[in-house]
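Peer 1: Read off the chains here:
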Amino acid sequence: MPSIAVENIIKKYGSKKEPVTALDDVSLEVSKGELFGVIGPDGAGKTSLFRILTTLLLADSGTATVDGFDVVKQYKEIRNRIGYMPGKFSLYQDLTVEENLRFFATIFNTSIQENYELIKEIYVQIEPFKDRRAGKLSGGMKQKLALCCALIHRPSVLFLDEPTTGVDAVSRKEFWEMLKALKQQGISILVSTPYMDEAELCDRVALIQSGKIMSIDMPQHIIQKFTKTMWSVRSAEMVRLLNDLQHYSNTEKCYAFGEFHHLVLKNESGGKDEILQYLQHLAHHEIELHLAQPNIEDCFIELMGNNKS
Amino acid sequence: MKQLSFLLEKEFRQVFRNPAILRSVLVMPIIQLIIFPFAANYEVKNVYLSMVDNDHSSYSQKFISKITSSGYFILTDYSPSYNKAMESIESDKADLIIEIPYGFEKELVKENKAAMLIAVNAVNGAKANLGGAYAANIIRDFNKEIQMQWMTFPAFNAIPTIEITSSNWYNPTMNYKEFMVPGILVTLLTMIGTFLASLNIVHEKEIGTIEQINVSPISKSTFILGKLIPFWIMGLVTLTIGLLVSRLFYGIVPVGNIALIYLFAMVFLLALLGVGLLISTYAETQTQATFVGFFVMMVFMLLGGLYTSIDSMPDWAKWITKVNPVAYFIEVMRMIVLKGSGFADIKYHLLSVLGLAVVFNSWAIMNYHKRS
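Line order of the protein sequences matches chains A and B.
Our numbering numbers the first residue of the first sequence as 2 and each following residue consecutively.
Our numbering numbers the first residue of the second sequence as 1186 and each following residue consecutively.
Chain A on its own, in the form it takes in the complex:
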């Protein structure tokens, strides 16, 4: 039995005349103990999917089960066994760390002691501040406390909606370490993120765009499916370079990617020399050009292009 099974979920918002489709025929499956990532830009429909699965929102059509229970008919069962950390996770700013945790334990009919084992590793990091008000914690600590609150009743499925948005790089890394540890405990985790680099930390990912799932696979497989050659290019004038490359007759796609521009060619025959020639002709200097290893983000951009055409 899969931990989460979603079948043909459709959700539309807005008026009947001008509906906005948030989820368009989404299907996916998450098996027990899996760390599953939902990757997509803002507005792709990630939060709607989470709200449907956490029984907060009703889908227009399609079915979904969590832990084998139907999200519509057996929502009460589901509410007992899921942990949910919404994107806008919030704690009571005027309650202390410990009071917040006790509150969430109480509304889930449990106590801190009962499941202390599960959160221990995370909680010890914030325990020195347990009498501090949650509002006075740093961002990373708030996030850890939020995770503790979502875990305090030992859920079998954990929903994390953009848990790392707005958190610094070190805390993000720590956070993913914690998720890995939780996976060991047999908790299935559905996590969404707009950060492509985090996709590679998941067991499997679903790439979602405008309410449609473009691909579901292991991150390595998704990258393997990217068969085209990709170049990294940089020069002294990055803005002009991007513009020039986009107008290059052999360019299929070119976009900014960190310190470099990523370039995919229509026709590989000419290769490196032809590009260099073209750029030198346009008086670019300090040109750096080498083959690049595609990552999830490149795959995402590739899939987006396919989707549109």
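If you're looking for bench data, these hints aren't it; they were derived computationally from the structure.
Heads up, some of the hints might be wrong.
[Claimed, not checked] The calculated DSS-like cross-link candidates involving lysine-lysine, where the alpha carbons are at most 27 angstroms apart (straight line), are:
hint	chain 1	residue 1	chain 2	residue 2
1	A	121	A	181
2	B	1230	B	1187
3	B	1195	A	77
4	A	184	A	89
5	A	137	B	1195
6	B	1390	A	77
7	B	1390	A	137
8	A	131	B	1187
9	A	131	B	1195
10	B	1390	A	13
11	A	267	A	33
12	A	174	A	131
13	A	89	B	1405
14	A	213	A	254
15	A	17	A	33
16	B	1247	B	1195
17	A	121	B	1187
18	B	1390	A	74
19	A	121	A	137
20	B	1187	A	77
21	B	1503	B	1312
22	B	1405	A	74
23	B	1390	A	89
24	A	33	A	77
25	B	1329	B	1298
26	A	89	B	1195
27	A	226	A	254
28	B	1195	A	121
29	B	1390	A	131
30	A	77	B	1405
Add chain B to chain A, keeping to what the hints say.
Peer 2: Using the frame of chain A, we list chain B on its own:
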């Protein structure tokens, strides 16, 4: 039960850590009760008077000294003509014109009757009404004095007159404060009921904690009770402070049973909290909740009989007061505090408010969804 008690504990912790709410529950009633009854006063004093005396006789002089010594009127000017006096009304210097026509004394002596004109600035309705009435009263009095002077001899009046003497029951000195203070107390409870609970819930919506509560197995009723009970208790605390203030500052001791006031307040708060809860289920932000809350509160207050008598309202407005818990409570407060009414007298009010409490709360509970 354990859940509920923890929810209550949490709410109270938050209240005690929020000085603004504490202040509004504890200090606001004291300040309002001390200040407003003195300021908001029905008695109209300081009516500015413009006299037009075209007669300049001893009788007209006598009349002017009588009206200015009454204490209600301040003579702003003597105008040579009605039109001049009108100017001072237009420039807002005077509220009332009394014109004594030429030949006033002569007519009075000769014909045994004379005319006089009162013109009132009705922009401020209450002042105009009462000012006009006071002036008419003084004129009647003046008239009587003259009659007394002239007709001392007849054994009985040639013209039969009915003299009206009124005595004010339950508030013999017509002490305005005794009438107003219980009403203001109701206002305070209304504010706590409509605002505190609804803002509290909407605040949880705004910060997003309600989302986590919604995915939890906690039941709707436990959650709602956890929100209602703290503010219900705070309302009763405010009532207690209010009753103490009215006793210490105004010496108002309820003639009736205090327990009856509390019983009614308990039911009343339940109804008002239901209104607050209802607002919170519709409002998404505290701004929305505050605006709707104010609107409801204004309707409750203006159609509640605190400032204007319900009996003189048009029929449609009277119907609105039937679903206005504030109207019932203000009446009951005055009945118990001033008149000493017992349970039997307020039974109908109590049942009505109880009915409203049930309606508002069930409507709110039906409209509160843990999922959308």
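Peer 1: Each of the hints needs a verdict: does it hold here or not?
Peer 2: Comparing the hints with the structure gives:
Taking the CA atoms of residue 121 of chain A and residue 181 of chain A, the gap is near 15 angstroms; set against the 27 angstroms cutoff, the hint holds. Distance hint between residue 1230 of chain B and residue 1187 of chain B is unfulfilled; the C-alpha atoms sit about 60 angstroms from each other, more than 27 angstroms. With a C-alpha separation of about 24 angstroms, the suggested pair residue 1195 of chain B and residue 77 of chain A falls inside the 27 angstroms cut-off, and the hint holds. At roughly 23 angstroms between alpha-carbon atoms, residue 184 of chain A and residue 89 of chain A fall within 27 angstroms of each other, so this suggested pair holds.
In summary, the hint linking residue 137 of chain A to residue 1195 of chain B is supported, as the alpha carbons are separated by about 18 angstroms, within the 27 angstroms threshold. Only pairs whose Cα atoms come within 27 angstroms are accepted, and residue 1390 of chain B paired with residue 77 of chain A is accepted, the gap being roughly 21 angstroms. In summary, the hint linking residue 1390 of chain B to residue 137 of chain A is supported, as the alpha carbons are separated by about 21 angstroms, within the 27 angstroms threshold. Annotation: proposed proximity of residue 131 of chain A to residue 1187 of chain B holds, straight-line Cα distance about 23 angstroms (limit 27 angstroms).
The suggested pairing of residue 131 of chain A with residue 1195 of chain B holds, with an alpha-carbon distance near 16 angstroms, which does not exceed 27 angstroms. Between residue 1390 of chain B and residue 13 of chain A, the direct Cα distance comes to roughly 23 angstroms. Compliance with the 27 angstroms bound is thereby established for this hinted pair. Simply put, residue 267 of chain A and residue 33 of chain A have alpha-carbon atoms about 42 angstroms apart, too far for the 27 angstroms limit, and the pair is violated. At most 27 angstroms may separate the alpha-carbon atoms for a hinted pair to count; residue 174 of chain A and residue 131 of chain A meet this at roughly 23 angstroms.
Restraint check for residue 89 of chain A and residue 1405 of chain B: the C-alpha separation of about 22 angstroms stays at or below 27 angstroms, so the hint holds. A threshold of 27 angstroms between alpha carbons decides the hint, and for residue 213 of chain A with residue 254 of chain A the separation of about 22 angstroms falls inside it, so the pair holds. Between residue 17 of chain A and residue 33 of chain A the alpha-carbon distance is near 38 angstroms, which puts this suggested pair outside the 27 angstroms criterion. A threshold of 27 angstroms between alpha carbons decides the hint, and for residue 1247 of chain B with residue 1195 of chain B the separation of about 73 angstroms lies outside it, so the pair is violated.
For the hint linking residue 121 of chain A to residue 1187 of chain B, the alpha-carbon distance of about 24 angstroms falls within 27 angstroms, and the restraint holds. Simply put, residue 1390 of chain B and residue 74 of chain A have alpha-carbon atoms about 25 angstroms apart, close enough for the 27 angstroms limit, and the pair holds. A threshold of 27 angstroms between alpha carbons decides the hint, and for residue 121 of chain A with residue 137 of chain A the separation of about 22 angstroms falls inside it, so the pair holds. Taken as a hint, the residue 1187 of chain B and residue 77 of chain A pair is honoured in the structure, with Cα atoms around 19 angstroms apart against an allowance of 27 angstroms.
As the CA atoms of residue 1503 of chain B and residue 1312 of chain B are separated by approximately 25 angstroms, the hinted pair is consistent with the 27 angstroms bound. A distance of roughly 17 angstroms separates the Cα atoms of residue 1405 of chain B and residue 74 of chain A; the hinted pair therefore holds under the 27 angstroms criterion. For the hint linking residue 1390 of chain B to residue 89 of chain A, the alpha-carbon distance of about 11 angstroms falls within 27 angstroms, and the restraint holds. With a C-alpha separation of about 20 angstroms, the suggested pair residue 33 of chain A and residue 77 of chain A falls inside the 27 angstroms cut-off, and the hint holds.
Only pairs whose Cα atoms come within 27 angstroms are accepted, and residue 1329 of chain B paired with residue 1298 of chain B is accepted, the gap being roughly 12 angstroms. For the hint pairing residue 89 of chain A with residue 1195 of chain B, the CA-to-CA distance comes to about 21 angstroms; that is within 27 angstroms, so the pair holds. Our distance criterion of 27 angstroms between C-alpha atoms is met by residue 226 of chain A and residue 254 of chain A, whose separation comes to about 17 angstroms. This hinted pair checks out: residue 1195 of chain B and residue 121 of chain A have alpha carbons roughly 24 angstroms apart, not beyond 27 angstroms.
At most 27 angstroms may separate the alpha-carbon atoms for a hinted pair to count; residue 1390 of chain B and residue 131 of chain A meet this at roughly 25 angstroms. For the hint linking residue 77 of chain A to residue 1405 of chain B, the alpha-carbon distance of about 12 angstroms falls within 27 angstroms, and the restraint holds.
Hints 2, 11, 15, 16 from the list above are not met by this structure, while the remaining hints are.
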